[in-house]
Amino acid sequence: MSVIVEADGARCLPLKAPGASEPVIPSATTTVISVIGISAFGKPIKDTVFRPEQFCSITGAELDDNVSTNLIPSLINHKNGAFQNAGPNRRIVVINQADVNEDLGDELACLIMQECPLISSVVVGSLQSNQELLVWRRP
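Remember, the numbering used here sits 232 above the position in the sequence shown when you count from 1.
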């Protein structure tokens with residue numbers, strides 16, 4: 233039996249930097265999933281990221297910078313980033329809202345698989361449309 237637990241919210245923003253004690257991960261967890269919304273890309277960090285100051289601290293960006301693909305590997309790989317507290321669990325990134333820009337979803341998935349060695353899979357799709365999901369896996 234599998235149970236999915238939403239560990240924390242982002243106040244409806246497409247990107248999030250976790251707080252110091254987030255995410256809270258139950259001890260029986262085997263897989264941790266981080267969701268990235270494509271709608272944030274090309275827009276100012278201060279307007280599209282929950283905890284923008286923390287995001288900037290992790291990625292080295294400035295609050296007025298636009299969200300770009302090159303910032304995401306830092307968010308994923310940093311010890312205080314998206315997978316902090318994940319421990320040895322399997323790690324998956326879901327790139328949501330791919331119906332907004334499918335090419336960007338594919339580009340980001342390739343980048344994550346190249347630069348984030350602890351990620352086992354990347355899923356690209358749109359959770360609110362009937363768009364087919366694309367899954368990238370490590371061999």
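Treat the hints loosely; a few may be bogus.
Each pair of labels, with its calculated beta carbon distance range [to be verified]:
(1) D338 <-> N362: 31 to 41 Å
(2) E364 <-> S253: 15 to 25 Å
(3) V367 <-> L295: 19 to 29 Å
(4) E294 <-> E339: 36 to 46 Å
Listed next, the in silico SDA-like pairs over lysine to any residue satisfying Cα-Cα at most 25 Å (straight line) [as the list claims (entries may be wrong)]:
(5) K278 <-> L343
(6) K275 <-> E334
(7) K311 <-> I324
Derived by calculation from the structure, the hints in this document are not laboratory data.
Note that CB positions come from ideal geometry on N, CA and C, so glycine has one too.
Mind listing which of the numbered hints don't hold for this structure, in increasing order? 1, 2, 3 and 4
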